[in-house]
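This is what each chain is made of:
2 protein chains.
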Amino acid sequence: MERPIGVIDSGVGGLTVLHELKRQLPKEKFIYLGDTLRCPYGSKQEEEVIQYTWEMVTHLMTFDIKMLVIACNTATALVLEQLKEHLPIPVVGVIEPGARAAIKQTQTNHVGIIGTENTIRSQAYELALKRIKPNLTTTGVACPKFVPLIESGKFIESDAIKVVEESLEFINEHPDLDTLILGCTHYPIIQSLIEKVVGNNVTVLSSAVETGFEVSTLLTFYNMYNSQDMVHSEPVILTTGSLNVFQHLKEEIFQLKSASLKQITLT
Amino acid sequence: MERPIGVIDSGVGGLTVLHELKRQLPKEKFIYLGDTLRCPYGSKQEEEVIQYTWEMVTHLMTFDIKMLVIACNTATALVLEQLKEHLPIPVVGVIEPGARAAIKQTQTNHVGIIGTENTIRSQAYELALKRIKPNLTTTGVACPKFVPLIESGKFIESDAIKVVEESLEFINEHPDLDTLILGCTHYPIIQSLIEKVVGNNVTVLSSAVETGFEVSTLLTFYNMYNSQDMVHSEPVILTTGSLNVFQHLKEEIFQLKSASLKQITLT
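Line by line, the protein sequences give chains A and B.
Under the numbering used here, the final residue of the first sequence carries the number 649; numbering is consecutive throughout.
Under the numbering used here, the final residue of the second sequence carries the number 649; numbering is consecutive throughout.
Hints may contain errors.
Since copy identity is lost for identical chains, a pair holds within one copy or between any two.
Calculated cross-link-like contacts (lysine to aspartate or glutamate; reagent style EDC-like; alpha-carbon spacing at most 20 Å) [claimed, not checked]: (1) LYS486 to GLU548; (2) LYS411 to GLU577; (3) LYS486 to GLU577; (4) LYS527 to GLU467; (5) LYS536 to GLU633; (6) LYS411 to ASP558; (7) LYS578 to GLU555; (8) LYS639 to ASP541; (9) LYS409 to GLU508; (10) LYS411 to GLU539; (11) LYS512 to ASP446; (12) LYS448 to GLU548; (13) LYS512 to GLU384; (14) LYS536 to ASP560; (15) LYS409 to GLU577; (16) LYS411 to GLU430; (17) LYS486 to GLU429; (18) LYS578 to GLU499; (19) LYS486 to GLU437; (20) LYS448 to ASP541; (21) LYS536 to ASP558; (22) LYS527 to GLU499.
Read the hints as simulated data drawn from the structure, not as lab findings.
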């Protein structure tokens, strides 16, 4: 089935998910829409997030997508169930794959979650984890400095490690915590820094990576694989905001040099 | 949905899958059937494997199972598609989850597979891997000494490491191979030995672990979770053969002390 898979995010963070989807499913076509103009969703009212998400989805549905990936934690927490109920295609969020991977990974049954303040406050990961495995211990901590650090591009400088160390100090208080979920699609961009700080005893899991795995599973079960035996062209990337940040990130961070980039308006 | 999940295998190897399912999905009920009397399937005619598998499935369907897991590589390779087509419930095999996990893991795009002679000869993993990601390099090697080593219980003795070292010598010839799939459900029992031999540069993936992840994903997408908020009783284990091996393995290896064990006859 040659129809594309749609990927939506409030901005650029979801590019980590797109990158993983492309890596794990090279035969598939992808179309990405980042609502950078109205980003971040984390501080918006619930009704606004629902409305904006539906506007993105409605736009992508015109491209005849066969599956929708919500590469945004806030939108997943608020709109996933509604979208699953109303869309005629399978819908995948980023929270459940991360939670499932943590359950698979942890041997001590103590899982940490880091994310934006809104995601941590929503306890979406805790709920997803405990719905499957009630006897887990979870520790969720907001890292509000990470997204600005990543968006500013300063994460390659030497003092970035200090920001990460300070934000992750809580890990030392939980010696039995053996698994840490990156509960924000921006964070995989600084995963190696985070891994350096938490050390070898804690496995760091990227929701982006695990979402790729889940989409792959569902393509099989819904018989939706692209059966053509060729590696596909680069994804189409749409944004409601400035092209500059996307241009930089897609080339420097994600090696998506030939991805086509286009500004659109949602109404 | 409180109905049990059925797990079938030609013998005891599938207990590694059952163990992972139980660990990753503690709220679910499981019923396992091992056809130990006619094990191993690997050396049987194709028609026999198909017939025996259907007999197991027919027996488990009387327990009103909500999902079927084929915890046997031979039966997955030969009967999965047929079962998916004809059964009114979702069916999961062990090959695709292992293949998907390897695609997720590998950075060098060179994946190794070890399994029984039949599994390696069938190239089932290679086909599953390349169907998703055509540009992978794969190296499949049979390790015929592993199953007898495991079934004899001698894998805890000091010369077991020699058997594993000899069988895995091929790894040294492929310095870019960074991911190794255990393509036999027995092998996770000696996973720590295998990891010791292949070293830190090769990630060892158990199909058993990944199958647990995939079943968890599908339970969500088919809305089949057991929503009761309690951890469930031990699984029911049925076998067509001697109870002795099961008795030993379930207690010593899998800590399933209170699992009920019963001999049955398939016709």
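Hints and how they fare:
1. Taking CA atoms no more than 20 Å apart as the test, LYS486 paired with GLU548 passes in neither setting, with 28 Å inside one copy and 31 Å between copies.
2. Within a single copy, LYS411 and GLU577 get their C-alpha atoms no closer than 31 Å, and across copies no closer than 36 Å, so neither meets the 20 Å cut-off.
3. Taking CA atoms no more than 20 Å apart as the test, LYS486 paired with GLU577 passes in both settings, with 19 Å inside one copy and 18 Å between copies.
4. Taking the closest pair of Cα atoms, LYS527 and GLU467 never come within 20 Å of each other, the shortest separation being 35 Å inside a single copy and 51 Å across copies.
5. Taking the shortest alpha-carbon separations for LYS536 and GLU633, only the intra-copy value of 17 Å comes in at or below 20 Å, while the best inter-copy value is 54 Å.
6. Taking identical chains as interchangeable, the C-alpha atoms of LYS411 and ASP558 are never at most 20 Å apart, the minima being 42 Å within one chain and 28 Å between chains.
7. Only within a single protomer do LYS578 and GLU555 lie at most 20 Å apart by alpha-carbon distance; the minimum there is 17 Å, versus 31 Å between protomers.
8. For the identical chains of this complex, LYS639 and ASP541 are neighbours neither inside a copy (29 Å) nor across copies (53 Å), given an alpha-carbon limit of 20 Å.
9. Proximity of LYS409 and GLU508 under a CA criterion of 20 Å is satisfied inter-copy only: 16 Å between copies versus 34 Å inside one chain copy.
10. Taking the shortest Cα distances, LYS411 and GLU539 never come within 20 Å of each other, neither inside one copy (35 Å) nor across copies (51 Å).
11. Taking identical chains as interchangeable, the C-alpha atoms of LYS512 and ASP446 are never at most 20 Å apart, the minima being 35 Å within one chain and 26 Å between chains.
12. Taking CA atoms no more than 20 Å apart as the test, LYS448 paired with GLU548 passes in neither setting, with 42 Å inside one copy and 47 Å between copies.
13. In this assembly of identical chains, LYS512 and GLU384 lie within 20 Å of each other by CA distance solely across copies; the values are 17 Å between and 37 Å within a copy.
14. When the C-alpha separation of LYS536 and ASP560 is checked against a cutoff of 20 Å, the pair qualifies neither within a copy, at 28 Å, nor between copies, at 31 Å.
15. For the homomeric pair LYS409 and GLU577, neither the shortest alpha-carbon distance inside one copy (31 Å) nor that between copies (32 Å) is at most 20 Å.
16. Neither within a single protomer nor between protomers do LYS411 and GLU430 lie at most 20 Å apart by alpha-carbon distance, with minima of 29 Å and 41 Å respectively.
17. Neither within a single protomer nor between protomers do LYS486 and GLU429 lie at most 20 Å apart by alpha-carbon distance, with minima of 34 Å and 36 Å respectively.
18. Taking the closest pair of Cα atoms, LYS578 and GLU499 never come within 20 Å of each other, the shortest separation being 23 Å inside a single copy and 41 Å across copies.
19. For the homomeric pair LYS486 and GLU437, neither the shortest alpha-carbon distance inside one copy (35 Å) nor that between copies (31 Å) is at most 20 Å.
20. Taking the shortest alpha-carbon separations for LYS448 and ASP541, neither the intra-copy value of 43 Å nor the inter-copy value of 53 Å comes in at or below 20 Å.
21. For the homomeric pair LYS536 and ASP558, neither the shortest alpha-carbon distance inside one copy (32 Å) nor that between copies (33 Å) is at most 20 Å.
22. Within a single copy, LYS527 and GLU499 get their C-alpha atoms as close as 10 Å, which meets the 20 Å cut-off; across copies the closest is 53 Å, which misses it.
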